[in-house]
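Listed below, chain by chain, are the residues.
Number of protein chains: 2
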Amino acid sequence: MSVQVSTKMKIAKPAHDVFEALFNPVKIGNFWFSSGSARWEPGKVITLKYAEYGAQGDIEVIAMEDDRKIVFKWGATGEGRQVVTITLTELAEASTVIAVTQEGWQEGQEGLLAQVLDNKEGWVYTLTCLKAYLEFGVTNLRASLVKH
Amino acid sequence: MSVQVSTKMKIAKPAHDVFEALFNPVKIGNFWFSSGSARWEPGKVITLKYAEYGAQGDIEVIAMEDDRKIVFKWGATGEGRQVVTITLTELAEASTVIAVTQEGWQEGQEGLLAQVLDNKEGWVYTLTCLKAYLEFGVTNLRASLVKH
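For the protein sequence lines, the chains are A and B, in the order given.
Letter by letter, the first sequence follows residues 0 to 147 of numbering that gives the first Met the number 0.
Letter by letter, the second sequence follows residues 0 to 147 of numbering that gives the first Met the number 0.
Looking at chain A on its own, in the form it has when it is part of the complex:
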C-alpha cells in the first residue's frame, strides 16, 4: 500500500498571493529554499538552492493551474521520484487553505518512518514560514531546523 504525507494550513491571503510566492524564484527565498533558478512552468526543471547548507536539488514541474494547483517531482530524472501536489482553496474573506501531499512511498519499505517524518517536518516548517511571510512580512524564519 502506498503511503503519503499530507499537510494543510490556513493563510489569511488570497490564493493568488500564495501561488505567486511559491514559484517566484526570488519570493521563495523568504520562506523555503534560498532561491530558485527560474520561474516555475510546466515541463521545466528548476534548480532550488539552499545557500545556508551549500546544497541544491532539482524539481520537475508536471502541471500548474493558475492560483489553484501545482504538481511536481523531486529530482530531475530517474524512477522512484516523489510526486508533490500543492492545491490552493480560496475561502471567503481572502483566506486560503494550502494543502501539500507528497507520495511515492510503499508501506514496509526500509527506513519509511524516518523518511516520512523528515518530509513531514519539512512541509510543516515551510508552510508555517510561508504563512509568517505572507501575513506578517517575516522573511527570516526559515533555515533553522537542526537536523542532528
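Note that these hints are calculated values from the structure, not bench results.
Do not take every clue at face value.
Just so you know, same-sequence chains aren't split out, so a pair can sit in one copy or run between any two.
Only pairs whose alpha carbons sit at most 25 Å apart, straight line, appear in this in silico BS3-like list of lysine-lysine [stated by the list, open to error]:
hint	residue 1	residue 2
1	K9	K43
2	K146	K68
3	K146	K48
4	K146	K12
5	K9	K26
6	K146	K7
7	K68	K9
Go by the hints and put chain B onto chain A.
Below, chain B alone, put in the same frame as chain A:
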C-alpha cells in the same frame, strides 16, 4: 522497539527567554495553546486550553531544570501516557537550540504512522510559532493547521 519523535530548532534568543515562554500561562498563548491554568512546576497538573477548538488537555510536569530542561506527561492520569522532554542548549551569541522528544510508542502498534506524523506536525508547528514569537513578536501564527 520504542519509537520517538524528535524535533530541534535554533532560536536567536537566550535560553532563559525560551524557557520562560514555554511555561508562563500567558505567554504560551502567543505560540501554542491559548492559555495554561498555572505556571508550570514539578508535580503540578496543568490544564492547557485550545479556545479555538473548544478543547483542553492536562499535562503532568515531572521535572524542570531552570533554563535547561522540562519533562512532562501528556494526560493527567493513567498508563501509556506519552513522555515529552524539552531541552535547551544555549549557544554563543544568545541563541538557543530547543530540542523536543516525545516517546512512548511501540514499533508495530496500530495506527503508529498516523500518530507519530500528527505529533511531529504539532511540534514542528509549535516550535516555528515559538521562534516567530520570540524573534519577531508575531503572536498570531498559531491555530491554523487544518486537520481534515
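Comparing the hints with the structure gives:
no., hint, result
1, K9 to K43, "neither (28 Å within a copy, 34 Å between copies)"
2, K146 to K68, "between (30 Å within a copy, 20 Å between copies)"
3, K146 to K48, "within (18 Å within a copy, 30 Å between copies)"
4, K146 to K12, "between (31 Å within a copy, 19 Å between copies)"
5, K9 to K26, "both (19 Å within a copy, 23 Å between copies)"
6, K146 to K7, "both (23 Å within a copy, 7 Å between copies)"
7, K68 to K9, "within (16 Å within a copy, 32 Å between copies)"
Checked against the numbered hints given earlier, the structure breaks only hint 1 and satisfies all the rest.
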